[in-house]
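> Sequence:
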Amino acid sequence: MENKKYAFAGNRAFVLQRMRELGLNIVKIWAVRGSYLERYLDKEELEYSVIGVRGKFLEDIKTTDFDFFISNGLPVILPEEIFCNRKKFVNIHPSLLPDLRGRDPVPGAILYRRDSGATCHLMNKGIDSGDIIAQVEIPYSDDLDAGLLYQLSFRAEADAFEAAYDKRFLPVRKQILRDTDIYYSYQPTDMDIDLGEDTAVSIASKVKAFSTGNKGARICVEDRIFSCSDVVCLQNPYIKEQYGKSPWGKILLQYEDRVVVKNIYNELLKFTIKYGETVRKPLRGDNRILNVGLSPKQS
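In this text, residue positions in the sequence shown follow our numbering: the first is -6, and each later residue adds one.
These are calculated hints, taken from the structure and not from any lab test.
A hint or two may mislead.
[What the hints assert, rightly or not] List of simulated lysine-lysine pairs, DSS-like, C-alpha gap at most 30 Å:
1. K263 to K167
2. K118 to K(-3)
3. K49 to K21
4. K267 to K255
5. K255 to K36
6. K80 to K49
7. K238 to K267
8. K21 to K160
9. K167 to K(-2)
10. K(-2) to K55
11. K160 to K55
12. K118 to K36
13. K55 to K21
14. K160 to K80
15. K167 to K118
16. K263 to K233
17. K(-3) to K36
18. K(-3) to K80
19. K243 to K263
20. K81 to K208
21. K118 to K160
22. K167 to K55
23. K(-2) to K160
24. K208 to K243
25. K238 to K263
26. K(-2) to K49
27. K160 to K208
28. K233 to K243
29. K118 to K81
30. K238 to K208
[To be verified] Derived CB-CB ranges, DEER-like:
31. C213 to P132: 21 to 27 Å
32. D58 to I175: 37 to 43 Å
33. L39 to Q144: 21 to 27 Å
34. E249 to E73: 52 to 58 Å
35. L170 to L141: 45 to 51 Å
36. K160 to E215: 39 to 45 Å
Treat the numbers as computed from the prediction; the structure is a model and nothing was measured.
We treat Cβ as the ideally placed atom computed from N, Cα and C, and that holds for glycine.
Using the sequences provided together with the hints, build the complete structure.
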């Protein structure tokens, strides 16, 4: 294994870092433009090619001399004819396959409260469906949000790769889909909170699942759509007494960047607001549109 040649392609750097720590002979690196991997490679002054036109990328793979192709966050689906017996193609996916296949397994794990982790598997003509070589588990716990789980998953991917390397990339079992397995790719409507349907638990899962980048779980209340960064189910006896008979779906308190509302299950919820947008244009003198957490374009 020490004399084998490795090619790497993707958008993440933790696995590549581990490969370098193991002293592997990395002969070629392809990086997704604008990715964390590209920034890492520039910082380390490592030579690489940017993944551009699909046809050229595939031709580069065919003409590059390597023994192992390592994929980690590669957005290109490789055609079946590119796989050959002489070269081994390996992918590292941030979930416990076959559960949470798809583009967005990390927010999916938070949203559906699933155990997650990383899987190193052989690549085939399917997507995330090849034989499993090694897995590292991250058990679900309520203190995880998407941002933290992403960081843990990156580290788990590196550990799964090293475990697979120690096994000489020999698979241990095939993937067999179970009725309980989930395929998850993010849709914008997944961020919507419905106070007439969602419980405090499901609301918290949505907020934590979409807590990174420009995402944010959304709640529509009193002609406003709020993007939320945090939520707490209030248990204080006094506030429960004060608002126990108040209607659900209304803003009960608003201060600083917080709003308190109630869902249909009589659960009091305190949201931390990233920004708010008006659903409809208010009439002159209409003060019902609250001035909470205005987005830059409204302030």
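> Now tell me if each hint is right for this structure.
Taking the hints in turn, this is what the structure says about them:
1. Among the hinted pairs, K263 with K167 is inconsistent with the structure: their alpha-carbon atoms are about 46 Å apart, more than 30 Å.
2. Proposed proximity of K118 and K(-3) is supported: the alpha carbons are some 24 Å apart, at most 30 Å.
3. Only pairs whose Cα atoms come within 30 Å are accepted, and K49 paired with K21 is accepted, the gap being roughly 15 Å.
4. Straight-line distance between C-alpha atoms of K267 and K255 comes to about 19 Å, which keeps the hinted pair within the 30 Å bound.
5. For the suggested pair K255 and K36, the alpha carbons sit about 49 Å apart, so the restraint of at most 30 Å is broken.
6. Proximity of K80 to K49 is assessed by CA-CA distance (about 19 Å); at most 30 Å being required, the pair is judged to hold.
7. Between K238 and K267 the alpha-carbon distance is near 28 Å, which keeps this suggested pair within the 30 Å criterion.
8. Pair hint K21 plus K160 holds up; C-alpha atoms about 23 Å apart against a cutoff of 30 Å.
9. Proximity of K167 to K(-2) is assessed by CA-CA distance (about 26 Å); at most 30 Å being required, the pair is judged to hold.
10. Proposed proximity of K(-2) and K55 is supported: the alpha carbons are some 14 Å apart, at most 30 Å.
11. Distance check on the hinted pair: K160 and K55 sit about 26 Å apart at the alpha-carbon level, within 30 Å; holds.
12. The straight-line distance between the Cα atoms of K118 and K36 is roughly 34 Å, outside the 30 Å bound, and the hint therefore fails.
13. Taken as a hint, the K55 and K21 pair is honoured in the structure, with Cα atoms around 12 Å apart against an allowance of 30 Å.
14. Between K160 and K80, the direct Cα distance comes to roughly 17 Å. Compliance with the 30 Å bound is thereby established for this hinted pair.
15. Between K167 and K118, the direct Cα distance comes to roughly 14 Å. Compliance with the 30 Å bound is thereby established for this hinted pair.
16. Annotation: proposed proximity of K263 to K233 holds, straight-line Cα distance about 12 Å (limit 30 Å).
17. Note on K(-3) and K36: the hinted pairing holds, with a Cα-Cα distance of about 26 Å set against a maximum of 30 Å.
18. The hinted pair formed by K(-3) and K80 meets the criterion: a straight-line CA distance of about 11 Å does not exceed 30 Å.
19. Only pairs whose Cα atoms come within 30 Å are accepted, and K243 paired with K263 is accepted, the gap being roughly 12 Å.
20. For the given pair, K81 sits about 37 Å from K208 by alpha-carbon distance, which is inconsistent with the 30 Å threshold.
21. For the hint linking K118 to K160, the alpha-carbon distance of about 23 Å falls within 30 Å, and the restraint holds.
22. Our distance criterion of 30 Å between C-alpha atoms is met by K167 and K55, whose separation comes to about 27 Å.
23. Straight-line distance between C-alpha atoms of K(-2) and K160 comes to about 17 Å, which keeps the hinted pair within the 30 Å bound.
24. As the CA atoms of K208 and K243 are separated by approximately 24 Å, the hinted pair is consistent with the 30 Å bound.
25. Simply put, K238 and K263 have alpha-carbon atoms about 17 Å apart, close enough for the 30 Å limit, and the pair holds.
26. With a C-alpha separation of about 21 Å, the suggested pair K(-2) and K49 falls inside the 30 Å cut-off, and the hint holds.
27. Restraint check for K160 and K208: not satisfied, since their Cα atoms lie roughly 39 Å apart, outside the 30 Å limit.
28. With a C-alpha separation of about 15 Å, the suggested pairing of K233 with K243 holds against the 30 Å cut-off.
29. Only pairs whose Cα atoms come within 30 Å are accepted, and K118 paired with K81 is accepted, the gap being roughly 13 Å.
30. For a cut-off of 30 Å, the pair hint linking K238 to K208 is broken: about 33 Å separates their Cα positions.
31. Here the CB-CB span from C213 to P132 is close to 34 Å, at odds with the stated 21 to 27 Å.
32. Between D58 and I175 the Cβ separation comes to about 39 Å, which falls inside the hinted range of 37 to 43 Å.
33. At roughly 22 Å, the beta-carbon separation of L39 and Q144 lies within the given 21 to 27 Å, and the hint holds.
34. In this structure the hint that E249 and E73 lie 52 to 58 Å apart at CB holds, the actual value being about 56 Å.
35. Our hint of 45 to 51 Å for L170 and L141 is violated, since their Cβ atoms are close to 28 Å apart.
36. At about 57 Å, the CB distance of K160 to E215 disagrees with the hint of 39 to 45 Å.
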